[in-house]
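Peer 1: Next come the chains, spelled out residue by residue.
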Amino acid sequence: MNLKLHVWRQPSAKDTGRIESYEARDVSPDMSFLEMLDVVNEELIVAGKRPIAFDHDCREGICGSCGMMINGVAHGPQKATAACQLHMRTFKDGDEIVIEPWRARAFPIIKDLVVDRSAFDRIIQRGGYVSVNTGGAPDGNDILIGKSSADHAMDAAACIGCGACVAACPNASSSLFTGAKITHLGKLPQGQPERDRRVIGMVEQMDIEGFGNCSWFGECQEACPKEISIDVIKQMNRDYVAASARASSNE
Amino acid sequence: MELNSKIPPGPLAEKWDQHKFDIKLVNPANKRKYSVIVVGSGLAGASAAATLSELGYAVKCFCFQDSPRRAHSIAAQGGINAAKNYQNDGDSVFRLFYDTLKGGDFRSREANSYRLAQLSVNIIDQCVAQGVPFAREYGGHLANRSFGGAQVSRTFYARGQTGQQLLLGAYQALEKQIAKGLVTMYPRTEMLDLVMIDGRARGIVVRNLITGKIESHAADAVVLATGGYSNVFYLSTNARGCNATAIWRAYKRGAAFANPCYTQIHPTCIPVSGDYQSKLTLMSESLRNDGRVWVPKAKGDKRPPNEIPPAERDYYLERKYPAFGNLGPRDITSRAAKEVCDEGRGVGETGRGVYLDFADAIKRLGAQTITERYGNLFEMYERITDENPYKVPMRIYPAPHYTMGGLWVDYNLMTTIPGLYALGEANFSDHGANRLGASALMQGLADGYFVIPYTIGDYLARGGINAVNTDMPEFRNTEREIAERTSKLLSIDGKRTVDSIHRELGHIMWDYCGMSRNDAGLRKALELIPQLRDEFWKDVNVPGSDAELNQALEKAGRVSDFLELGELMVRDALNRTESCGAHFREESQTPDGEALRDDEHFAYVAAWEYAGANAAPILNKEPLEFESIHLSQRNYK
Ligand SMILES: Cc1cc2nc3c(=O)[nH]c(=O)nc-3n(C[C@H](O)[C@H](O)[C@H](O)COP(=O)(O)OP(=O)(O)OC[C@H]3O[C@@H](n4cnc5c(N)ncnc54)[C@H](O)[C@@H]3O)c2cc1C
Ligand code: SF4
Ligand code: FES
Numbered sequence: 001m002n003l004k005l006h007v008w009r010q011p012s013a014k015d016t017g018r019i020e021s022y023e024a025r026d027v028s029p030d031m032s033f034l035e036m037l038d039v040v041n042e043e044l045i046v047a048g049k050r051p052i053a054f055d056h057d058c059r060e061g062i063c064g065s066c067g068m069m070i071n072g073v074a075h076g077p078q079k080a081t082a083a084c085q086l087h088m089r090t091f092k093d094g095d096e097i098v099i100e101p102w103r104a105r106a107f108p109i110i111k112d113l114v115v116d117r118s119a120f121d122r123i124i125q126r127g128g129y130v131s132v133n134t135g136g137a138p139d140g141n142d143i144l145i146g147k148s149s150a151d152h153a154m155d156a157a158a159c160i161g162c163g164a165c166v167a168a169c170p171n172a173s174s175s176l177f178t179g180a181k182i183t184h185l186g187k188l189p190q191g192q193p194e195r196d197r198r199v200i201g202m203v204e205q206m207d208i209e210g211f212g213n214c215s216w217f218g219e220c221q222e223a224c225p226k227e228i229s230i231d232v233i234k235q236m237n238r239d240y241v242a243a244s245a246r247a248s249s250n251e
Numbered sequence: 001m002e003l004n005s006k007i008p009p010g011p012l013a014e015k016w017d018q019h020k021f022d023i024k025l026v027n028p029a030n031k032r033k034y035s036v037i038v039v040g041s042g043l044a045g046a047s048a049a050a051t052l053s054e055l056g057y058a059v060k061c062f063c064f065q066d067s068p069r070r071a072h073s074i075a076a077q078g079g080i081n082a083a084k085n086y087q088n089d090g091d092s093v094f095r096l097f098y099d100t101l102k103g104g105d106f107r108s109r110e111a112n113s114y115r116l117a118q119l120s121v122n123i124i125d126q127c128v129a130q131g132v133p134f135a136r137e138y139g140g141h142l143a144n145r146s147f148g149g150a151q152v153s154r155t156f157y158a159r160g161q162t163g164q165q166l167l168l169g170a171y172q173a174l175e176k177q178i179a180k181g182l183v184t185m186y187p188r189t190e191m192l193d194l195v196m197i198d199g200r201a202r203g204i205v206v207r208n209l210i211t212g213k214i215e216s217h218a219a220d221a222v223v224l225a226t227g228g229y230s231n232v233f234y235l236s237t238n239a240r241g242c243n244a245t246a247i248w249r250a251y252k253r254g255a256a257f258a259n260p261c262y263t264q265i266h267p268t269c270i271p272v273s274g275d276y277q278s279k280l281t282l283m284s285e286s287l288r289n290d291g292r293v294w295v296p297k298a299k300g301d302k303r304p305p306n307e308i309p310p311a312e313r314d315y316y317l318e319r320k321y322p323a324f325g326n327l328g329p330r331d332i333t334s335r336a337a338k339e340v341c342d343e344g345r346g347v348g349e350t351g352r353g354v355y356l357d358f359a360d361a362i363k364r365l366g367a368q369t370i371t372e373r374y375g376n377l378f379e380m381y382e383r384i385t386d387e388n389p390y391k392v393p394m395r396i397y398p399a400p401h402y403t404m405g406g407l408w409v410d411y412n413l414m415t416t417i418p419g420l421y422a423l424g425e426a427n428f429s430d431h432g433a434n435r436l437g438a439s440a441l442m443q444g445l446a447d448g449y450f451v452i453p454y455t456i457g458d459y460l461a462r463g464g465i466n467a468v469n470t471d472m473p474e475f476r477n478t479e480r481e482i483a484e485r486t487s488k489l490l491s492i493d494g495k496r497t498v499d500s501i502h503r504e505l506g507h508i509m510w511d512y513c514g515m516s517r518n519d520a521g522l523r524k525a526l527e528l529i530p531q532l533r534d535e536f537w538k539d540v541n542v543p544g545s546d547a548e549l550n551q552a553l554e555k556a557g558r559v560s561d562f563l564e565l566g567e568l569m570v571r572d573a574l575n576r577t578e579s580c581g582a583h584f585r586e587e588s589q590t591p592d593g594e595a596l597r598d599d600e601h602f603a604y605v606a607a608w609e610y611a612g613a614n615a616a617p618i619l620n621k622e623p624l625e626f627e628s629i630h631l632s633q634r635n636y637k
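Residue numbers (my numbering), protein chains in the order written: chain P, 1 to 251; chain F, 1 to 637.
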């Protein structure tokens with residue numbers, strides 16, 4: 001099939017960007033979306049032009065590197081699928097595809113489709129961990145964890161940190177990402193001692209980074225390639241209220 | 001070059017404890033005076049960086065992705081081994097050690113493999129404490145599954161995302177230290193060379209991948225945890241960015257490269273579908289717990305699988321290896337698939353594929369159980385192939401997956417360069433000629449959490465490490481060399497893209513140095529690779545400049561190193577005329593086609609030493625001595 005691509009090109013953070021159009025010819029339905037871009041890039045290089053920059057690494061939907069708006073939808077039209085796992089059989093001959101980077105104040109554009117998501121790391125730094133140093137851990141079976149708690153924790157822990165939730169949200173909120181980590185650790189006994197500190201720190205950092213507030217549009221869970229449920233945001237909010245109340249009563 | 005493995009004396013089971021007692025310690029108050037560079041933030045690098053900083057060392061950590069959480073380890077699916085014997089099925093440290101050694105076809109160092117098995121139990125405890133959501137039984141206990149090459153159930157897992165969860169555990173530990181200001185993290189930064197001063201590793205030169213700026217970093221010791229080099233084959237199960245640059249530049253600075261030809265071809269991957277293909281996707285080995293592998297008995301049988309009656313199917317693994325059945329080690333299973341496809345019995349359009357069939361398991365256990373065990377893998381398969389594995393058997397074929405070879409290290413994980421360490425897949429130490437499933441995660445974390453934190457102290461405490469800074473000529477000269485190399489790459493302005501050359505290299509490596517190798521083919525590769533390298537340096541086209549985010553330039557640098565490493569792999573394969581583990585020399589096989597070792601001539605580690613751009617590398621040998629076990633022909637029948 002042949003497609004027409006309209007791609008956001010922006011040489012660097014300082015430059016202004018604009019949409020440029022390219023032909024993608026002889027696209028096989030078995031190609032992944034990124035393989036289609038690879039082929040376009042090869043042609044651009046041979047033609048003496050600059051290839052389109054985009055982040056990617058595992059191409060298995062797990063590293064969270066890839067991510068772009070495809071026809072206005074984060075990661076494209078297929079549900080629960082990261083851009084690297086999207087296959088061209090989703091499209092048909094003659095389609096026009098608009099490809100743009102994540103757009104959010106907290107994710108500045110670096111080049112073309114590449115954005116800076118380091119804000120996510122800084123959110124984790126505010127408590128997205130269990131404070132345990134290496135060594136001296138008790139036997140793994142000393143901490144019994146019911147199957148359903150373990151499964152719930154795992155559902156939330158599946159987040160790949162791609163940022164689609166932010167890109168899809170009209171407020172550019174990172175609540176799904178943050179709620180996922182809070183829920184993962186909150187479901188486990190290991191996460192309890194720092195539960196209050198964690199939620200207060202991480203929520204505060206979301207504000208510092210310039211992410212918006214959650215007003216329950218629900219676009220995030222629609223866009224999430226790992227189907228993280230919006231319930232994690234409810235959990236985060238509950239934890240936040242409880243933690244704030246405890247903090248003020250301790251003062 | 002002297003290869004001193006520094007294996008501690010004493011009985012196998014006591015070596016590590018004794019060694020920990022014998023090595024020198026750095027006084028807690030002094031640790032912050034020492035700086036350590038960790039290159040890599042995968043399981044090995046992140047665990048090392050976090051732990052070293054917890055101990056008090058000043059740590060800088062580097063990775064080329066935009067966040068340390070995205071290291072290739074994230075993609076590991078199936079699980080991590082540990083000799084916990086929670087299943088009461090006869091496991092023990094000794095059994096895990098023995099399985100590892102046997103799985104590696106007796107080409108690994110006994111003491112290292114034993115230590116790995118010992119430390120395996122601590123890893124699980126540590127990860128649980130961090131909140132890694134391992135699979136649990138209803139009673140709340142940790143669950144296990146079986147993996148290839150073992151007859152006990154010792155693999156711990158978190159759905160099909162074990163690597164992700166373990167890496168996030170290590171990443172979170174690392175972020176905790178970054179938040180305290182005790183680790184400085186440099187994402188989107190690529191190490192391009194190692195700097196040596198007075199014969200010691202004293203720093204690295206890196207390129208900031210966003211600005212293109214070349215920068216130097218000095219330290220008292222350098223740890224490379226930069227992963228494996230399967231991408232020399234172009235198509236592999238590795239993430240696209242995986243590369244050999246860091247270890248290759250270290251090799252060219254004097255670190256010996258051990259057993260480069262030991263590369264693992266994983267039996268269960270989705271077959272190649274077209275020329276545009278950019279990577280091959282692994283279907284976890286854990287699937288072989290319940291899936292049955294077969295091909296039609298008749299050549300060229302093109303009927304759809306469900307129309308082929310059981311009597312006309314060849315469950316060749318169960319037939320040839322009744323004791324291990326579908327759960328044989330990877331090298332043997334991969335070669336068996338190649339063999340049936342070579343016979344013309346392969347399936348799918350290309351004929352390079354075999355079935356992995358879940359119909360019996362679904363009948364026995366119900367689709368629900370299968371979904372619980374492998375749901376995400378089935379989905380991934382369907383997304384890629386557009387076929388539903390609940391209804392039609394998966395098609396799979398072997399693909400390059402893991403490299404057992406790597407930088408030579410001693411028992412302390414130090415390379416032949418003083419002060420330079422190699423961890424995880426980047427070193428060669430524990431898996432011999434073939435790695436068992438679920439053992440790479442174990443090794444990366446053992447190295448990072450539990451080995452290097454002890455052994456690096458010994459080096460630092462011995463003293464003699466002078467103060468250095470990045471204004472010294474060694475740093476400045478290396479920066480200049482890097483800048484020259486970069487401008488050379490950008491100035492060639494030829495006709496071939498980096499990818500097209502990389503793909504061609506991949507074909508050469510796969511055809512002549514892949515699943516089976518022979519003298520004539522390897523000699524042919526030794527002609528082809530230097531020709532391709534010349535072509536690269538004459539005719540490659542790298543667009544853009546060095547002062548920006550330039551992904552083509554990044555790739556060009558990595559491919560230029562693969563073009564050299566590929567040749568060393570071929571030399572090593574040519575030298576080793578025996579078959580062992582994943583290294584199969586057609587000239588050396590048993591009457592029924594299994595790998596035939598030659599212990600008399602090849603019970604050694606081949607450690608290659610760089611001798612200059614225009615000279616053949618020098619082969620050094622570390623003899624392998626086995627005290628606790630008896631060398632045998634591997635038998636999985
Ligand atoms: C698809 C797949 C599934 C797997 N499943 C399993 C499994 O179930 N069980 C198991 O035990 N093993 C499994 N493995 C193997 C295992 O995942 C790897 O061997 C292991 O994760 C390697 O970890 P590492 O820390 O050594 O390196 P990696 O995780 O590869 O990390 C390398 C790090 O080095 C950095 N780096 C590399 N070069 C440079 C440079 N020049 N400059 C700066 N930084 C650099 C990268 O950014 C990255 O942070 C699997 C492998 C694959 C491909
Ligand atoms: S919650 Fe989903 S969309 Fe958001 S970062 Fe995680 S995986 Fe991506
Ligand atoms: S490239 Fe890793 S998730 Fe898409």
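Hints were generated in silico from the structure; no laboratory data involved.
This one's a predicted model, so the numbers in the text were calculated from it and none came from an experiment.
Incorrect hints may have been included.
Computed cross-link-like contacts, DSS-like style, restricted to lysine-lysine with a CA-CA straight-line distance of at most 27 Å [said to hold, decoys possible]:
#	chain 1	residue 1	chain 2	residue 2
1	F	Lys213	P	Lys14
2	F	Lys24	F	Lys6
3	F	Lys20	F	Lys33
4	F	Lys6	P	Lys49
Peer 1: I'd like to know which numbered hints this structure contradicts. Please list them from smallest to largest.
Peer 2: Those not satisfied come down to hint 4.
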